[in-house]
Amino acid sequence: MSLATVQPLATHAEDALHPYQVVGDAIPASLTGKPGDPARGRAIVANRQNTCLLCHSGPFPEERHQGNLSPSLQGAGARWTAAELRLRMVDASRLNPATIMPSYYQVEGLTRVAGAWRGKPILSAEQIEDVVSYLSTLRD
Amino acid sequence: MKAARGTQRLALGVLLAALATLCSAAEIPLSERRSGYADLGRETKAMQDDDTANPGMLSVLEGEELWKTKSGTEVKACADCHGDARASMKGVAARYPAFDASRGRPVNLEQRINICQAERQQAKPSAYESKELLALTAFVAMQSRGEPIAPPDDARLTPFREAGRQLFFRRQGQLNLGCNQCHDDNWSKRLAGNLIPQAHPTGYPIYRLEWQSIGSLQRRLRNCMTGLRAQPYEFGAPENVDMELYLMWRARGLPVETPAVRP
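Sequence lines, in order, name chains A and B.
Take the first sequence: its position 106, counted from the start at 1, is 105 in numbering that gives the first Met the number 0, and no numbers get skipped.
Take the second sequence: its position 212, counted from the start at 1, is 211 in numbering that gives the first Met the number 0, and no numbers get skipped.
Only chain B is shown next, with the shape it has when bound in the complex (with noise of 0.2 Å):
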């Protein structure tokens, strides 16, 4: 009986233990947020600076030639309805993903997009991760270059980015490990090779050295999950524009780069 309690008294310190060191694993002050950007060689942030050496240029000017383009069965441009996108995208890519009304849940940059496609141009929607779709979510989201990651204080994606954030503190893979063990509490150490970040997705979509070409944050997200030996969402799962919002939240007031190059 005696010995029993005993046991028990131990389980719960352990219990206790393993509560308070989840509770300290803080999230990085806002004072000490920091893009990519800060973590990249000289060389690579020259290329970032730099348009006419950021390969991730190409495709803002293929989508730059997008948005002039008539398409679908309404055979308009989005230039049509949408005018000089320096006017009126300037600040959009900084406070996506954003409330879908008409669907109940936020929707992506890409995925405004496509809406777009298919229900104003009537037009087939770019498959995720296309050139087409990448040009034209860099071209919408340059537009924002410069603004302050703004994320819209709209009470309907609380549960989203709150899921978002349950995903980046949840372990998994077979290595078992949260996002947060390395962006949070190892930011700035070396994972073998690599400088881990603070996985601010402030340059999408970036030009990534390794990929060799652009690429969208999903993608990234889902290079991440496959290092741990998850299984990564599928392009466009509500479960990666969650895990985008919380992100986004996470990296408020930070200035977006897009197209920011990685390496």
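Excised from the complex, chain A in its bound form (with noise of 0.2 Å):
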């Protein structure tokens, strides 16, 4: 499905970000070379200021406002490998190009961004390493 199958081994290099490879619905490597640290990771998810809260729940009682506008993150990391993870917060539009989520790891393509944003992905490459291994942890 993905368009990954059509160019197994794309690279990208946009000058802010850290050239990853899509294989298929995933990216294998870790953006930054290392994992990340889960604590560091919820705390990212759990931040309103990084919007998946917005849209999603999950496991967090300390957060009143939570989204219903997409699954639960709830059991994510037993859906999926961290692999699949990484893709997914990087350009989940790969996956399902008529997706409402953001690509998280992302500057190109984008409209009229505010000053403040501009040029800049919505979360850094260590960011991404955090919130995919804390995903991996939500295993029920």
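Don't read these hints as lab results, they were simulated from the structure.
Don't take every hint at face value.
Unchecked claim - Distance condition first, Cα-Cα at most 25 Å in a straight line; then the derived SDA-like pairs of lysine to any residue:
1. 188/B with 63/A
2. 188/B with 48/A
3. 119/A with 177/B
4. 188/B with 119/A
5. 119/A with 170/B
6. 119/A with 223/B
7. 188/B with 71/A
Both chains are given apart, each in its own frame, so use the hints to dock them into the complex.
Given below as structure tokens:
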């Protein structure tokens, strides 16, 4: 389904972004070359600023306001491998061009981005890795 | 050669699938259209319904005073030319933005009032989002309360409304979302704590609890754009007026509620 099957080894090398390789429906290698930190990842996902909980709910009893525009993050680590979660976070639109989930590690093809955010991905490579490692712990 | 053709066909397939999803993103059927009022909590509804509790009424009353106040080098009040607003302004807000021949494009209600200030009163036009302009707009718009939104059947408006529609469906900002993806496709769902309304401009200017003040439709549009981390258009910008035009057409038939209360 994904475009990656057309170009199995597409390489991205946007200026500010670390290069990564999409293989099938996944990005097998860490964007930073290092594993992320699940505790930091949990804090990133739970922080309203990072937008996940606008759309998703999840195991965050301390957060009163969670969205219902998309599946709960509960169990995401059982449904997907870390490599699959990484592509989902980096560029969900590769998996589903009509998705409403933003591409968190992408600066191309956007329209009228406000000054403070222009040219920057929503999350840094380190943050993506932290989130991936946290999501992988959500096994039930 | 063969492989290349296969790739082309696959690319075409992906493109067609993308187009199909775009086209299926349908506008809300008229029978399902409903004002943001429907989603309000009981207390907020009660606040809107009771003129003595509705904080937007303060602005309306201020507008009523301004309506009678002489101004500009013409030393004329709105009332000197328009008389009793209850009669002369009834239904006006329900059909704005309207085409302004001398400007060759649509103007919204605020701009129309500004034109009278500048050209008829020979006064300094009130700044966008100023207390005075909000008050006059709220007072004029309240004269249409209960009237169905009735966009003018004016072919000159069509290209501008279409431009507004394009903006509504355009993905934008760092979050890369179109207005339609929330307001057509996901209305009544929760964006964190907030219920997503259908985005009908039925009650503007509104008293917004989050603002702790009354504000214009364009302020609300700018809020949503900022939320998408997009650069909002300036107050009075043609893009904002085009969007108003599309939103009013999209809300045709729904009653005007000015001054509405929203969370």
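Residue 119/A and residue 177/B: Cα distance at most 25 Å?
holds (20 Å)
Tell me if the straight-line CA distance from residue 188/B to residue 119/A falls inside 25 Å.
Status violated; Cα separation ~29 Å.
Below or equal to 25 Å on CA atoms is what counts here, so check residue 188/B against residue 48/A.
holds (20 Å)
Does the structure keep residue 119/A and residue 170/B at a Cα separation of 25 Å or less?
holds (17 Å)
Given the hint that residue 188/B pairs with residue 71/A, does the C-alpha gap stay at or below 25 Å?
holds (14 Å)
For a C-alpha distance cap of 25 Å, please report whether residue 119/A and residue 223/B respect it.
holds (20 Å)
25 Å limit on alpha-carbon distance, applied to hinted pair residue 188/B and residue 63/A
holds (16 Å)
In this structure, the one hint that does not hold is number 4.
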